[in-house]
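Given chain L, put chain S in place with the hints provided.
Residue numbers (the numbering used here), protein chains in the order written: chain L, 1 to 323; chain S, 324 to 583.
To be clear, the hints were calculated from the coordinates, so they are not data collected in a lab.
Yeah, the Cβ is synthetic: ideal placement off N, Cα and C, and Gly gets one too.
Any given hint could turn out to be false.
[Claimed, not checked] Away from chain S, derived, C-beta distances all over 10 Å, residues of chain L:
1. S48
2. S81
3. S105
4. S188
[What the hints assert, rightly or not] The calculated SDA-like cross-link candidates involving lysine to any residue, where the alpha carbons are at most 20 Å apart (straight line), are:
5. L:K226 / S:K526
6. L:K85 / S:A556
7. L:K85 / S:L546
8. S:K526 / L:Q104
9. S:K550 / L:E32
10. L:K43 / S:A351
11. L:K99 / L:R143
12. L:K85 / S:Y545
13. S:K550 / L:V284
14. S:K550 / L:N92
15. S:K526 / L:S33
16. S:K526 / L:A30
17. L:K280 / L:S302
18. S:K550 / L:L90
19. L:K85 / S:V551
20. L:K138 / L:Q162
21. S:K550 / L:L24
22. L:K89 / S:V552
23. S:K526 / L:S105
24. S:K526 / L:S68
25. S:K550 / L:S73
26. L:K178 / L:V284
27. S:K550 / L:I15
28. S:K550 / L:I31
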Amino acid sequence: MDKARLTTSTPVWLILLATVCLGLRTIVWAIESSQRGEVTGIKWNEPSKIDLVGRDYQSKLILYYFTSEGLESCKTMNNTSLLNKDIVKLVNEEFLPVKIENKQSEENTDTGKLKKELQQKFVVFTFPTLVVSLPSGKEIETRNAYAGVSAKPLLRFLEHCQRREGYSRGLDYLAHAKYAEAARSFESWLSTAGDGTKDTIDGALYCALSYDMLGDNNKVRVILDKTLQNKRYSKDRKWTEPLAELLLGKLDGEGLIKECDRQGYREPRVYYFIGMLELKHGNVAGAIENLRLTEKGTYTSSEIYGLADGQINVINQVNVGKN
Amino acid sequence: MNKAVFLYTFLRLAQPATIIKLVLFVLAIPTALVYPLQQASPGVSIDLEPLVTFFASPVMTMVVSFMFVSSSIGNTKSLDDGEYLALLFSRPLFRSTYVFSKWLAGSLLVCGVIALQLLYFIILLNMIGRGAQFSIGLTEVANLILNAFGAAALVVMIHAFPAKTGVILFAALFYLSFAAPLMLDIIPNYISLGGIDFRDTVKAGCNILRGFMYSPIDVDVYLNSIKVVWLPAISFISNTALYLCIAVIVMDNREFFYSN
Numbered sequence: 001m002d003k004a005r006l007t008t009s010t011p012v013w014l015i016l017l018a019t020v021c022l023g024l025r026t027i028v029w030a031i032e033s034s035q036r037g038e039v040t041g042i043k044w045n046e047p048s049k050i051d052l053v054g055r056d057y058q059s060k061l062i063l064y065y066f067t068s069e070g071l072e073s074c075k076t077m078n079n080t081s082l083l084n085k086d087i088v089k090l091v092n093e094e095f096l097p098v099k100i101e102n103k104q105s106e107e108n109t110d111t112g113k114l115k116k117e118l119q120q121k122f123v124v125f126t127f128p129t130l131v132v133s134l135p136s137g138k139e140i141e142t143r144n145a146y147a148g149v150s151a152k153p154l155l156r157f158l159e160h161c162q163r164r165e166g167y168s169r170g171l172d173y174l175a176h177a178k179y180a181e182a183a184r185s186f187e188s189w190l191s192t193a194g195d196g197t198k199d200t201i202d203g204a205l206y207c208a209l210s211y212d213m214l215g216d217n218n219k220v221r222v223i224l225d226k227t228l229q230n231k232r233y234s235k236d237r238k239w240t241e242p243l244a245e246l247l248l249g250k251l252d253g254e255g256l257i258k259e260c261d262r263q264g265y266r267e268p269r270v271y272y273f274i275g276m277l278e279l280k281h282g283n284v285a286g287a288i289e290n291l292r293l294t295e296k297g298t299y300t301s302s303e304i305y306g307l308a309d310g311q312i313n314v315i316n317q318v319n320v321g322k323n
Numbered sequence: 324m325n326k327a328v329f330l331y332t333f334l335r336l337a338q339p340a341t342i343i344k345l346v347l348f349v350l351a352i353p354t355a356l357v358y359p360l361q362q363a364s365p366g367v368s369i370d371l372e373p374l375v376t377f378f379a380s381p382v383m384t385m386v387v388s389f390m391f392v393s394s395s396i397g398n399t400k401s402l403d404d405g406e407y408l409a410l411l412f413s414r415p416l417f418r419s420t421y422v423f424s425k426w427l428a429g430s431l432l433v434c435g436v437i438a439l440q441l442l443y444f445i446i447l448l449n450m451i452g453r454g455a456q457f458s459i460g461l462t463e464v465a466n467l468i469l470n471a472f473g474a475a476a477l478v479v480m481i482h483a484f485p486a487k488t489g490v491i492l493f494a495a496l497f498y499l500s501f502a503a504p505l506m507l508d509i510i511p512n513y514i515s516l517g518g519i520d521f522r523d524t525v526k527a528g529c530n531i532l533r534g535f536m537y538s539p540i541d542v543d544v545y546l547n548s549i550k551v552v553w554l555p556a557i558s559f560i561s562n563t564a565l566y567l568c569i570a571v572i573v574m575d576n577r578e579f580f581y582s583n
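Chain L on its own, in the form it takes in the complex:
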């Protein structure tokens, strides 16, 4: 009986340790909660106090931090990754940081409405969420951090957005039919992006398309030759080769669609590229028809749809101007 009691005695030091730690945890939690907002490594801006619409195209990228008061994962992020030295330095030097804190007290105010508009624009449903956009407002990338995000992945996300800036600027120019600027943006981005980034192949195709719209066939050939040598995954071959052949004049629109059917899928970008080439050859009606088909691809692609929609708007504006 004595032995049995002996083997069932919970160590006092363990109970003490657990109790002390729990007490300490509660005290530290209370102190840190009361200090919320006092540690400001990143110099956050209020959305109502800066001009988010008329910003200079060449100015810094905007980092939106969508957060909500009282939410544990937001507090964790404020107290961990957003206090990281490298992140604080990078954000303060290279980005325009804008904090959009969801506050119940602001619900019916102008500031609250502005915050809601930005949430809707960038389709933010959960907190915390980070969005990086061009100064023009075009979104580069979104990172949802519902479960919190630690410093290294966050730093990598910000660096990725910086690297992707040229690509996004290129897309923005292409959607506004500014082919020379688009070609320059994509080309300068390609020279620094290396071959390993996710968007290299798409960027090269858009770059070639921009040069094609400008009639510079030499550049088209040089860019596509280099791209076709480097493929990240086997599926790249399915996309790159038929689209490159279209730009090089080896395939026509019908041939491209046949090739896609042979491969087993059609993507919105097939119609976008065909539409753009129709436009180049002066067939505006055919161009619009194909650009509108970008919605009907096997996979939805907001990037391609944005480009096609932008191009249709430009065509319509030109037609209105002529009339």
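Relative to the frame of chain L, chain S by itself:
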């Protein structure tokens, strides 16, 4: 710590079903990750850093703990006349010693399984000529070890309860800490308790539970922060101590002391 319990925890893995599970787990994830990399042209450089974060993530340690540690803790083995001893000891053994030995062995087991997986992944990367692009930092190793100790303590606590109670307890804790707050977001907020927001109150409770269930540590925060925030570290130590304390108390109060 008791050497016999410690070693027997590893011995428990030497069963065909567990070995098959272990081999599949160690081989499957790295193979699936390397396959697409193999398709890339040799000159293409690919950022492999996210994969380091993936292998050393707290979620991975938690998954491995539940997969491999839970089976080696004192599950109830009921016969018609109650529980029985799977392993007999020649000397009396403190139940706290039993719990600590299981915890220590379980933590090392988690580290071992993830290390095996990483080793296999590095071998595969070298085979396709991309070994030089993958490197693990000291902070990732420290995070992996510390979070393995935390996750193993949680599993030891859950499995210190009789099997059915442990499963129900885990399911309830998991639901309340992760699923319930997400579901609350889609329910219209019309219930008010004397001016207190019902949804926010329940969410706050869920958050406290989540802090109890899942409180990983990131060493990087303490090395590279402009201001040291102590709460995550204290929460981590507090949780681990609490899990072990509850495990010992539960074991102390069970009808029979048994071990497997």
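For each hint, the structure was consulted:
For S48 of chain L, the non-interface assignment is confirmed: its Cβ lies about 25 Å from the closest Cβ of chain S, beyond the 10 Å cut-off. The claim that S81 of chain L is not at the interface with chain S is violated, since a C-beta of that chain comes within 10 Å of its own (minimum 8 Å). Chain S leaves S105 of chain L outside its interface by the beta-carbon criterion, the shortest separation being 13 Å against a cut-off of 10 Å. Interface exclusion of S188 of chain L from chain S stands, the closest Cβ pair being 19 Å apart, more than 10 Å.
A C-alpha spacing of about 54 Å is found between K226 of chain L and K526 of chain S, which places the hinted pair above 20 Å, so the restraint is violated. Simply put, K85 of chain L and A556 of chain S have alpha-carbon atoms about 19 Å apart, close enough for the 20 Å limit, and the pair holds. Straight-line distance between C-alpha atoms of K85 of chain L and L546 of chain S comes to about 9 Å, which keeps the hinted pair within the 20 Å bound. For the suggested pair K526 of chain S and Q104 of chain L, the alpha carbons sit about 16 Å apart, so the restraint of at most 20 Å is met.
Under the criterion of a C-alpha separation no larger than 20 Å, the hint pairing K550 of chain S with E32 of chain L is consistent with the structure, at around 12 Å. Only pairs whose Cα atoms come within 20 Å are accepted, and K43 of chain L paired with A351 of chain S is rejected, the gap being roughly 45 Å. Under the criterion of a C-alpha separation no larger than 20 Å, the hint pairing K99 of chain L with R143 of chain L is consistent with the structure, at around 15 Å. Of the pairs offered as hints, the one joining K85 of chain L and Y545 of chain S holds, with about 11 Å between alpha carbons and a cut-off of 20 Å not exceeded.
A C-alpha spacing of about 60 Å is found between K550 of chain S and V284 of chain L, which places the hinted pair above 20 Å, so the restraint is violated. Distance restraint check for K550 of chain S and N92 of chain L: the Cα-Cα separation of roughly 16 Å lies within the 20 Å cut-off, and the hinted pair is therefore satisfied. With a C-alpha separation of about 17 Å, the suggested pairing of K526 of chain S with S33 of chain L holds against the 20 Å cut-off. With a C-alpha separation of about 18 Å, the suggested pair K526 of chain S and A30 of chain L falls inside the 20 Å cut-off, and the hint holds.
Of the supplied pair hints, the one linking K280 of chain L and S302 of chain L is violated, its CA atoms being roughly 23 Å apart against a limit of 20 Å. The straight-line distance between the Cα atoms of K550 of chain S and L90 of chain L is roughly 17 Å, inside the 20 Å bound, and the hint therefore holds. Between K85 of chain L and V551 of chain S the CA atoms are separated by roughly 11 Å; this keeps the pair inside 20 Å, and the hint holds. As the CA atoms of K138 of chain L and Q162 of chain L are separated by approximately 14 Å, the hinted pair is consistent with the 20 Å bound.
Distance restraint check for K550 of chain S and L24 of chain L: the Cα-Cα separation of roughly 19 Å lies within the 20 Å cut-off, and the hinted pair is therefore satisfied. With a C-alpha separation of about 18 Å, the suggested pairing of K89 of chain L with V552 of chain S holds against the 20 Å cut-off. Distance restraint check for K526 of chain S and S105 of chain L: the Cα-Cα separation of roughly 19 Å lies within the 20 Å cut-off, and the hinted pair is therefore satisfied. The suggested pairing of K526 of chain S with S68 of chain L holds, with an alpha-carbon distance near 13 Å, which does not exceed 20 Å.
Taken as a hint, the K550 of chain S and S73 of chain L pair is honoured in the structure, with Cα atoms around 18 Å apart against an allowance of 20 Å. About 17 Å separates the Cα atoms of K178 of chain L and V284 of chain L, which keeps this hinted pair within 20 Å; it holds. At most 20 Å may separate the alpha-carbon atoms for a hinted pair to count; K550 of chain S and I15 of chain L exceed this at roughly 31 Å. Taking the CA atoms of K550 of chain S and I31 of chain L, the gap is near 14 Å; set against the 20 Å cutoff, the hint holds.
Violation of the numbered hints given earlier is confined to hints 2, 5, 10, 13, 17 and 27; the remaining hints are satisfied by the structure.
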